[in-house]
Amino acid sequence: MEFSPLSSALASKSYERFADICDDIMLQVAAEGVSFQDWPYAIHLLGHIYAGDINSMRFLWKSMPSAVKENNPEVQAAWRIGQKLWVRDYVGVYEAIRGFNWSQEAQGLVAAFSDHYTKKMFQLLQSAYSTISIQDTSLFLNMNEDDVKNYVQQQGWIVDPASQMITVKKWPIVTEQKLNPSKLHSLTEYVFHLEH
Amino acid sequence: MEVLVVNIQGLSTNPGDLPNLHNILKQAHDSLHAESIRLLPLLDMLDPSLHSLGYLYILEACTSSALSKEQASAVVLPTARFMNSCSKEQIQLAPEKFISVCKRFKDYVMQLEAPMRGVAPMLAAIRKIQSSSEHLTPLHPEFLVLCLLSKCYKAGLSILDEDIFEVDQPKDLLLYCYYGGMICIGEKRFRKALELLHNVVTAPMSVITAIAVEAYKKYILVSLIHNGQFSTSLPKYTSSVAQRNLKNICQPYIELANSYTTGKIADFETVAQKYQEKFDNDNNLGLVKQAISSMYKRNIQRLTQTYLTLSLQDIANSVQLNSAKEAEMHVLQMIQDGEIFATINQKDGMVSFLEDPEQYKSCGMIERIDSSIQRIMALSRKLTTMNENISCDPMYLAKVGRERQRFDFDDYDPVPQRFNI
Numbered sequence: 001m002e003f004s005p006l007s008s009a010l011a012s013k014s015y016e017r018f019a020d021i022c023d024d025i026m027l028q029v030a031a032e033g034v035s036f037q038d039w040p041y042a043i044h045l046l047g048h049i050y051a052g053d054i055n056s057m058r059f060l061w062k063s064m065p066s067a068v069k070e071n072n073p074e075v076q077a078a079w080r081i082g083q084k085l086w087v088r089d090y091v092g093v094y095e096a097i098r099g100f101n102w103s104q105e106a107q108g109l110v111a112a113f114s115d116h117y118t119k120k121m122f123q124l125l126q127s128a129y130s131t132i133s134i135q136d137t138s139l140f141l142n143m144n145e146d147d148v149k150n151y152v153q154q155q156g157w158i159v160d161p162a163s164q165m166i167t168v169k170k171w172p173i174v175t176e177q178k179l180n181p182s183k184l185h186s187l188t189e190y191v192f193h194l195e196h
Numbered sequence: 001m002e003v004l005v006v007n008i009q010g011l012s013t014n015p016g017d018l019p020n021l022h023n024i025l026k027q028a029h030d031s032l033h034a035e036s037i038r039l040l041p042l043l044d045m046l047d048p049s050l051h052s053l054g055y056l057y058i059l060e061a062c063t064s065s066a067l068s069k070e071q072a073s074a075v076v077l078p079t080a081r082f083m084n085s086c087s088k089e090q091i092q093l094a095p096e097k098f099i100s101v102c103k104r105f106k107d108y109v110m111q112l113e114a115p116m117r118g119v120a121p122m123l124a125a126i127r128k129i130q131s132s133s134e135h136l137t138p139l140h141p142e143f144l145v146l147c148l149l150s151k152c153y154k155a156g157l158s159i160l161d162e163d164i165f166e167v168d169q170p171k172d173l174l175l176y177c178y179y180g181g182m183i184c185i186g187e188k189r190f191r192k193a194l195e196l197l198h199n200v201v202t203a204p205m206s207v208i209t210a211i212a213v214e215a216y217k218k219y220i221l222v223s224l225i226h227n228g229q230f231s232t233s234l235p236k237y238t239s240s241v242a243q244r245n246l247k248n249i250c251q252p253y254i255e256l257a258n259s260y261t262t263g264k265i266a267d268f269e270t271v272a273q274k275y276q277e278k279f280d281n282d283n284n285l286g287l288v289k290q291a292i293s294s295m296y297k298r299n300i301q302r303l304t305q306t307y308l309t310l311s312l313q314d315i316a317n318s319v320q321l322n323s324a325k326e327a328e329m330h331v332l333q334m335i336q337d338g339e340i341f342a343t344i345n346q347k348d349g350m351v352s353f354l355e356d357p358e359q360y361k362s363c364g365m366i367e368r369i370d371s372s373i374q375r376i377m378a379l380s381r382k383l384t385t386m387n388e389n390i391s392c393d394p395m396y397l398a399k400v401g402r403e404r405q406r407f408d409f410d411d412y413d414p415v416p417q418r419f420n421i
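Each protein sequence line maps, in turn, to chains A and B.
For the first sequence, position 150 (counting from the first letter as 1) is numbered 150 according to our numbering, and the numbering increases by one without interruption.
For the second sequence, position 208 (counting from the first letter as 1) is numbered 208 according to our numbering, and the numbering increases by one without interruption.
Check the hints yourself; a few may be wrong.
Said to hold, decoys possible - Cut-off 30 angstroms, straight-line C-alpha distance, at most; resulting in silico cross-link-like pairs (DSS-like, lysine-lysine):
1) Lys84(A) to Lys170(A)
2) Lys69(A) to Lys188(B)
3) Lys347(B) to Lys62(A)
Keep in mind the hints are simulated off the structure, nothing from the lab.
Just chain B, same shape as in the assembly (with noise of 0.2 angstroms):
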């Protein structure tokens, strides 16, 4: 072992002798798994951040056979430390070993309860194997995970910003949406976390997962928050697996979204009590209740489209409030978040409906409108890029060879028949 210490220390510098070195090390894999847990004293000789691949290779040796409370809590603050201060060029040669010690890190501070002390390392270690900001890798919905279970939705949130465009497994893909949505749910973007549920929903799946039922469940109840209606019908590029099963297992759901189209808050509420049960186990309780909310508000705006203005007596009624003052407060907090435009009038206690002041003249308008279109114009050339690409796949072109009997000759140009691969 201590040989092996030496290569390390030796071959670690010069970027050149990286290769050698990860011969030597996967040479000596075996009988660094032979020794697993009493090979931790041997990182105290190394530093993580210039012999970044030798400590990578035998923490995950110390790492590989299943350890006690009291050993995963030594190893602990050594790995995070590493993944911190690791070097990026030398793990990303060996980037299953580093993902496996991520994950393993992962389960240790949950084991030891304490997810708060993962958040920082793993949101190092993403950006450490990430290829680029657009790479979803394998420790996004473990780094999601861990600020859902801290309670540090705002960590999540930075990493949700950015959009995604390379994804090495799929399952990765589903439950990073699925966590993210989550978040994006505490921290009250709707709109964003419904774009991510969406995505679990639709996406092409041979078999329903649980993954994709729970995802719906929370999907209806947001579209109700945010959309103030929901429409059963998925979108023809959802999986037919989905779309025959969705709705049958999700059935309370469907019942309680449809009794909100109603309008009428007591028959919601009725449903929401009938199934309390289903949608406390699912963890669902609260974005019923923020369900129920939204309806009060829904019903007010609902209000502006018919009268100009209207006494707080007859908003209370007509929304099923107990009095005008509590219609007052309503308006007074829809007013400031920006959900409705209207002035109170205490005097003659009555409140009149304004229309939406913004123009879309001004410069910030502007500014909004440009960046959209910047990143509208960035997906385009992305989408033109893929087209090509695949244009160029052998096993694209061998398919469109074999089913060009079916059309004109002058359709396409021309094409080998057979594609001899």
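Isolated chain A (complex conformation) (with noise of 0.2 angstroms):
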């Protein structure tokens, strides 16, 4: 059975949306009737991951065949680090990312994935921490002791190297903040309504 939206989407590297397409065609082939023993779980799973939906995650691996989650080494790889996700072991992530040889279908999206985490982790580092310590930032960020200074550094985080311990920076967010006059319109319409 072929699956080329599947491909195509890997190809354009169209990963926020991959699993979404998987769940489509997914649905469309199971109305056929037609066997699963070839569906590219791993990637579904790993799109899901991509995408931080955890629970679709877990459902999936629930509905697959035994078969597959005992024979099927990739797939066992991919859930791996989904249950890390799961359970919150921030720094177990990583480890099962790097203990794994993907397959050249699989690579560009754990690849992805893993740059997309290291950033969420650093934004989840930036809001929660005042100050942390060296050892504990370059094991969030999957980064050895220099190249963590370097980066944090780059910034604006203040490292002290005299007590190992690292001062984060938090950067206002500034958003656009234009009103649409159209809103003067829907105002009107409210006080109307009320008045009726």
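Join these two chains into a complex; the hints should help.
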């Protein structure tokens, strides 16, 4: 059974939508009664992991035939990443990514997820910590201590080698606050509605 | 039979011919039912999207008697394709037959232990039979059951996001809300789950139904997880049978809810252990475990009301965690989920609790408030229309007319004392 829309989605690197595409095609294929022997479960799982949809990832794992779960090492490796995300073993996620030789199909997705995850972890550290040890930062960001010092200094954080601590600098987020003139129209509508 | 097929092929294209075709089919009804599954080859001569009405009648006759597993297997694929491609206008001429066919289809896919096969066709079928997106059909709960069994929870969510204003059968609504609640629980959308389960528990009923009991049990647990509390008093509009009986039937859950409010995790776990078998039999053990985790969160959240800063060790002690590191991880997770506003200071081992930074002044927030107001205005208009329709309803006016003597003449516009229908 060919799954060409999946291959083209992978090739175009539109990973955000990849899991949704997989879900749709999976339901269509199921409706036709075709067997799921060759379904690319590993990249389907990775698609959900990339989109951060841990619930859908868990349900996909539960609905998989046990033959696939037991015999497909890449599926098991993808599931290990998902498990670490589910229990929020932040550092374990990196170990799970490193711990497997990914197939060509999956490599692009895994590498993109790894970058995406590191950025998200950085944002989490920025919002949650005022000071954090160099050691923890390097674990959370999957870098060795020297790389981590350079990386955070570029972002404006201050490294204190004496205490082995990093002081986090938060940049205030500036968003556009333009008010639409149509809001005035909406407000008139509301007042009219309340009067009648 | 060949004559029938020719008629179907001939009379399906022109919409003006459809009533004629429909009569022919109705007259052939009994002879079709006599043939039943032997009619299956006839379907190959017809196109499901062009000859939908005829296809429907034959399909319905095929499935009218009990089928063996092989026969069911043969009929499932044509039915799925039919549900996807049939013409909406044609099948809406015979809605009960369409619904029967779809319900039997669901039974067959369950028999074949392949519920996922039914998800996409059932969703397509709902769109064909619905008169609008606000219409709840008998197929809605069937679809949700298939989603639950095949673990395609996300597919079920799409249907749940639509507002319902028109219902065919009350039982459909109860099942829809119950299964919908279960899907929302699976997707961790607890607020919506609470809303749906609330509808089941407070629905008008003259006897207690199993659906209401099971919904109440889940309602209690989700209420603890989402709100951190549970009140045993039901709203005034709940049926009296529910008010009198639900609490007694769900006694272990009430006891669990009471132990939650103390905030002592050990007490809660004791009650959970005591009734573990019961919770397991009801398939609610997962929810009980989630309630336990939510207690840790509530206890940490309670600290923010008293302290501006607190050491990680103190948090660990107060919330009964094993170490400061564990407390740090808990706080980090809560910050990630937006359940708390705080910053961790590893150097001093302290946590500073902060105010919610939301100022409600941003464009994004205005959009949200705007869309909520629009929804409420639309709802308000609907209610006004409903109110007007009821005031013209003869049965209502008859009741008002009968009770008129009790009130002062000046309170009412002149209404005839006896309203003859």
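Tested hints:
1. Lys84(A) to Lys170(A): holds, 28 angstroms
2. Lys69(A) to Lys188(B): Between Lys69(A) and Lys188(B) the Cα gap is close to 25 angstroms, so the pair holds against 30 angstroms.
3. Lys347(B) to Lys62(A): violated, 42 angstroms
In terms of the numbered hints stated before, the structure departs from hint 3 and from no other.
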